[in-house]
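**Q** Sequence:
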Amino acid sequence: MSQTEQCLYSSSIDAEPLHRYEKGGYHPTALEITKFRSRKGEYVAVKICVSDNENYDGNRELRVLKQMAATSPRCEHIVRLLDDFDLEGANGRHKCLVIELIGPSIPEMITARFHDGRLPGKVAKAIAKQALSGLDALHQQKIAHGALEYGVPEYIVRPASFQTHPPSRLLSALPEIRLVDFGESFSQTHVPPILHTPLALRAPEVIFKDKLDHRVDLWSMGCMLFELFVGQPPFDSFLITPRMLVDQMQEMTSHALPGRWKDLLTTLEGQSSTETPGPGLQQWLDEMYFDGERKADLTREYIRRLGEIIEMLLRFEPSSRASAGEVLHDAWFDASLSTQLSAKESD
32 MSQTEQCLYS
42 SSIDAEPLHR
52 YEKGGYHPTA
62 LEITKFRSRK
72 GEYVAVKICV
82 SDNENYDGNR
92 ELRVLKQMAA
102 TSPRCEHIVR
112 LLDDFDLEGA
122 NGRHKCLVIE
132 LIGPSIPEMI
142 TARFHDGRLP
152 GKVAKAIAKQ
162 ALSGLDALHQ
172 QKIAHGALEY
182 GVPEYIVRPA
192 SFQTHPPSRL
202 LSALPEIRLV
212 DFGESFSQTH
222 VPPILHTPLA
232 LRAPEVIFKD
242 KLDHRVDLWS
252 MGCMLFELFV
262 GQPPFDSFLI
272 TPRMLVDQMQ
282 EMTSHALPGR
292 WKDLLTTLEG
302 QSSTETPGPG
312 LQQWLDEMYF
322 DGERKADLTR
332 EYIRRLGEII
342 EMLLRFEPSS
352 RASAGEVLHD
362 AWFDASLSTQ
372 LSAKESD
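Residue numbers (my numbering): 32 to 378.
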């Protein structure tokens with residue numbers, strides 16, 4: 032997802048009058064209904080992109096969504112572009128994307144329905160499989176998402192509310208998910224100099240400013256799988272610095288830091304962690320999942336296999352990481368979850 036490094040301007044009212052508009056704020060926008068009239072009469076979502084007059088024709092998100100919409104068969108786990116149009120605003124010309132209307136983010140769903148902050152294993156597995164399917168479709172088209180994370184962008188306007196249903200209904204009808212927000216996406220022929228992935232989810236090659244390609248998504252996917260099942264990310268996200276994060280990466284993975292990056296360690300922002308080295312990936316996964324505070328409905332063997340899957344993605348060398356397709360077709364996803372639930376849950 033696209034992240035901004037600047038603090039967002041806040042306002043105590045829903046929208047500012049145009050004459051009081053300040054840069055970084057928000058103001059009312061009038062959209063002509065003829066711009067995106069739906070032929071089926073369904074509801075849609077409209078994303079108004081930040082104006083960028085100098086690179087107006089280079090809207091990466093629009094290019095990617097158009098390319099994915101033209102693929103056959105179309106992947107159902109990537110948000111669908113319905114239309115696009117231009118809008119003249121206070122800051123210049125904006126590209127507006129008309130996309131299908133979808134539901135809440137995963138964190139919003141967890142907050143509303145699962146009070147211990149963790150998804151049931153059955154739901155987490157379904158979401159993981161769909162996310163990998165969407166990512167595999169992107170990578171087959173030589174496209175990187177660039178900012179894959181566990182949620183949706185932070186907007187400066189209040190999000191729409193949604194109806195909540197009890198967990199029992201969610202388990203009987205598993206959710207369908209979409210990959211959204213392609214503002215950081217890129218192709219192999221148009222690689223950006225920098226990505227704005229949240230620090231705790233950044234692939235090491237992004238931190239060390241090395242060559243980037245679609246495999247940055249694989250590292251982020253490994254982090255997301257950990258969080259989907261455990262309920263929190265594998266690396267610290269509070270007051271973390273690039274140097275501290277790399278230290279945690281080295282503790283977590285069994286692979287050595289590539290030689291070309293070792294000399295760059297001293298150039299990273301922040302100081303090296305002085306704490307006692309932390310646990311490895313599998314130990315940390317076990318400790319966090321079976322913490323005794325949240326419901327653990329999966330067996331230790333299942334969590335061990337999950338650790339093996341995540342380890343295939345959290346590798347320093349991009350070329351050593353398993354592809355999204357390889358993970359998706361692993362027997363771990365094909366096995367019946369009913370045989371992997373804990374005895375307590377099965378009863």
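To be clear, the hints were calculated from the coordinates, so they are not data collected in a lab. Any given hint could turn out to be false.
Claimed, not checked - With beta-carbon atoms standing in for the labels, derived distance ranges: (1) Ala100 - Gly309: 20 to 28 Å; (2) Ser303 - Asp241: 14 to 22 Å; (3) Pro310 - Asp361: 20 to 28 Å; (4) Leu296 - Thr102: 19 to 27 Å; (5) Pro206 - Glu324: 35 to 43 Å; (6) Arg291 - Glu332: 17 to 25 Å; (7) Ala76 - Glu324: 30 to 38 Å.
Claimed, not checked - Distance condition first, Cα-Cα at most 30 Å in a straight line; then the derived DSSO-like pairs of lysine-lysine: (8) Lys240 - Lys153; (9) Lys240 - Lys326; (10) Lys240 - Lys293; (11) Lys160 - Lys326; (12) Lys242 - Lys97; (13) Lys97 - Lys173; (14) Lys326 - Lys293; (15) Lys160 - Lys173; (16) Lys173 - Lys240; (17) Lys293 - Lys160; (18) Lys153 - Lys293; (19) Lys242 - Lys326; (20) Lys153 - Lys126.
For glycine and all other residues, C-beta sits at the position ideal for the given N, C-alpha and C.
**Q** Within 19 to 27 Å: is that where the Cβ-Cβ distance between Leu296 and Thr102 falls?
**A** Because 41 Å falls outside the window, the suggested range is violated.
**Q** Within 30 Å, alpha carbon to alpha carbon, are Lys153 and Lys293?
**A** violated (41 Å)
**Q** Below or equal to 30 Å on CA atoms is what counts here, so check Lys173 against Lys240.
**A** holds (21 Å)
**Q** CA of Lys160 to CA of Lys326, is that 30 Å or under?
**A** At roughly 21 Å apart (the allowed maximum being 30 Å), Lys326 and Lys160 satisfy the hint.
**Q** CA of Lys326 to CA of Lys293, is that 30 Å or under?
**A** Distance of about 40 Å is beyond 30 Å: violated.
**Q** Keeping to a limit of 30 Å between CA atoms, is the pair of Lys240 and Lys153 held or broken?
**A** Not OK: Lys240 and Lys153 at ~38 Å, beyond 30 Å, violated.
**Q** Does the alpha-carbon distance linking Lys293 and Lys160 stay inside the 30 Å limit?
**A** violated (35 Å)
**Q** Okay, Ala76 versus Glu324 on CB: inside 30 to 38 Å?
**A** Because 36 Å falls inside the window, the suggested range holds.
**Q** For the pair we were handed, Lys97 and Lys173, check the Cα-Cα distance against 30 Å.
**A** holds (14 Å)
**Q** For Ser303 and Asp241, compare the CB-CB distance with the range 14 to 22 Å and indicate the outcome.
**A** holds (20 Å)
**Q** Does Lys153 pair with Lys126 here, judged by a C-alpha cut-off of 30 Å?
**A** Outside the cut-off at roughly 39 Å; violated.
**Q** Verify the proposed pairing of Lys242 with Lys97, using a straight-line Cα cut of 30 Å.
**A** Satisfied, since the Cα-Cα distance of roughly 26 Å is no more than 30 Å.
Hint compliance for this structure: hints 1, 4, 5, 6, 8, 9, 14, 17, 18, 19, 20 are broken, all remaining hints hold.
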